[in-house]
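**Student:** Line by line, the protein sequences are chains A and B. Just so we're aligned, residue 0 is where the first sequence starts under numbering that gives the first Met the number 0, counting upward by one. Just so we're aligned, residue 0 is where the second sequence starts under numbering that gives the first Met the number 0, counting upward by one.
There may be inaccurate statements among the hints.
Identical copies carry no separate label here, and so any pair may be met within one copy or between two of them.
[To be verified] Taking lysine-lysine and the DSS-like style, the derived pairs with C-alpha atoms no more than 30 Å apart in a straight line are:
id: 1; residue 1: Lys127; residue 2: Lys20
id: 2; residue 1: Lys50; residue 2: Lys127
id: 3; residue 1: Lys20; residue 2: Lys73
id: 4; residue 1: Lys263; residue 2: Lys214
id: 5; residue 1: Lys193; residue 2: Lys166
id: 6; residue 1: Lys127; residue 2: Lys154
Derived by calculation from the structure, the hints in this document are not laboratory data. All values reported here derive from a predicted model rather than from experimental measurement.
Protein chains: 2
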Amino acid sequence: MFDNKNTRTELSSLGEFGLIKHLTEHITIHNESTIKGVGDDAAVIDIGNGKVQLISTDMLAEGIHFDLTYVPLKHLGYKAISTNVSDICAMNGTAKQVTVSMAVSNRFSVEALEELYSGMMLACNRYKVDLVGGDTTSSLAGLVISIAVLGEANKEDVVYRNGAQEKDLLCVTGDLGAAYMGLQILEREKSIFKENPNLQPDLEGNDYILERQLKPEARIDIIPILAEKGIKPTSMIDISDGLASEILHLTTQSNVGCALYEEKIPLDSMTINRANEFRLDPAICALSGGEDYELLFTIPQSDYEKVKGHPDFTVIGHMTDKNSGCNMITRSGSSVTLTAQGWDAFLKK
Amino acid sequence: MFDNKNTRTELSSLGEFGLIKHLTEHITIHNESTIKGVGDDAAVIDIGNGKVQLISTDMLAEGIHFDLTYVPLKHLGYKAISTNVSDICAMNGTAKQVTVSMAVSNRFSVEALEELYSGMMLACNRYKVDLVGGDTTSSLAGLVISIAVLGEANKEDVVYRNGAQEKDLLCVTGDLGAAYMGLQILEREKSIFKENPNLQPDLEGNDYILERQLKPEARIDIIPILAEKGIKPTSMIDISDGLASEILHLTTQSNVGCALYEEKIPLDSMTINRANEFRLDPAICALSGGEDYELLFTIPQSDYEKVKGHPDFTVIGHMTDKNSGCNMITRSGSSVTLTAQGWDAFLKK
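Full structure from sequences and hints, please.
**Tutor:** Below, the structure written as structure tokens:
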């Protein structure tokens, strides 16, 4: 099945997406009910009567995805659920059930896990999702959380990553880059605390961007809005790794190019102000920061009137022919090639 | 939701089952489609038309559930899938899809993960299960594997843990204790190797029990046999933690007692011989060893003729009234109370 048994290839040489692609390319599908396997925000399973079940899973490892020196366990629990629910939203579906598995070292107390669980249940209640199972076991080091989420959709409503067409409009919900700036604030306060443990963290005036980092919401509100407006996106993905990386997923899988307009990228004023203080380009925070959990989708030009002026939607570009590549037209009018600089667990440490 | 925030309770004080019970007792169910949540081998979700979807999940942590000094990665991959498929069998269902998530340290190479995946795919092909998704990320230490399995069943065919009635017959498939004896062989050879790395491991003549430990099979063959014979068990569970522990799950959830006959416990001759060599009681290996992944189930007495003499089934006891407790009638005719001494990730390290 695989070759080259006598060599040693480092995981970092492939990166997260390359590794998943490499490991899963030999998969055989046995069941007709499996409509879509690996390669989208969720797998799609035919359950008959025009309905499908969606399933997605995420794994969070301490020291890689979260830092418990500044992430409260209750927030971590909330975020673990909302980011999984977001994957179901990205398929234009409704999340219904989750399972929660944890490997946890004896450094953690029962009370610590209660905090984690209370955050998870807060999110489950907010999203009307049922926690139906899981597994809890010990680990030799740290905390690893694995969540699987099940969702429902009508078969004809499911939106994949691969349906974008040339000239389709590229739209995004909410604003971007805030979660990344929230992380910068937390990291700054952590390094100050390390140098002088007597100083209290200075988090004031950063509520919005801190909440975007620590307690992001899944955009479950967008799914009924799209339905009401009679919009079925031609492609959709949620923004977990950064706008650039997600655009490249859509264009690669849809076999199109893209023109993104820098000036159209929605940014909150707090994100812009803090980015300026940190001498960061706010657009780069949006492109490469990730963890915004907004929805990025494409619609036919004929649907433009339906999204125009809506407070939840911003048109940020359009799809082009594949040969034009993926480009961002900057504020100064020049065109730069989009590259994915987003989160990769095997590259960033 | 939880009290006692100012105390520190160790995880080991509750144990695995106690911890899960404690953390999940405040769960609210929001969706009518959720028929059964936490507390059985799989959750049960109504998908309409008399059908249900089953979902179960298991987490395996290096150093807790497996020891890579003697477990080949390919076998580990196979076992990770088959043990999950076994959970769907225990609901009288058919496994259809799995998702595979891994947190993996940079100690592992791409080739190592290829080995792990090739074992998983071997099992997926054997069980006609589709690998439809997952997540692969780095970890700071070791390997953690989390698998979710989806299965199908007719709603009326699903067998829960809580349906056993007084006087029902207690049945088990296959033979027990072999996986535990296989583990003893592997642990013995590991300690010999540690003392003298020049000695080659002596595994000869132990094929059956080693295979039971390293590459157990899910009893997917049993589900159609039960259907053909017109048997719907009143309760069922798979044997992952040891016969005693699983019997206690059935009796507790069904609110009955049990009489188990020691002499009826099915044991392979190799299991008996190796147990004798290790000065272990073979029945104790079956009761407390675990990892046999056989099915334990109860049937009405009226179904006795249907299982009698069948090579896959052994009647090992019967259910009693709750006040009689759970007892094993030994070969000498005395009665001893059954206690769960099986696997608990938080107690055994």
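**Student:** Go through the copies and call it for lysine 193 and lysine 166: within, between, both or neither, with a Cα cutoff of 30 Å.
**Tutor:** Neither, since 51 Å and 66 Å both go past 30 Å.
**Student:** At most 30 Å between C-alpha atoms: does lysine 50 with lysine 127 qualify within a copy, between copies, both, or neither?
**Tutor:** both (19 Å within a copy, 22 Å between copies)
**Student:** Between copies, within a copy, both or neither: which fits lysine 20 and lysine 73 at Cα up to 30 Å?
**Tutor:** between (33 Å within a copy, 19 Å between copies)
**Student:** Within a copy, between copies, both or neither: where do lysine 263 and lysine 214 come within 30 Å Cα-Cα?
**Tutor:** within (26 Å within a copy, 56 Å between copies)
**Student:** How do lysine 127 and lysine 154 come out at 30 Å by Cα distance, when the copy is not named: within, between, both, or neither?
**Tutor:** both (21 Å within a copy, 23 Å between copies)
**Student:** When Cα atoms must be at most 30 Å apart, do lysine 127 and lysine 20 count as within-copy, between-copy, both, or neither?
**Tutor:** between (33 Å within a copy, 21 Å between copies)
Hint check: a violation occurs at hint 5 only; the rest are consistent with the structure.
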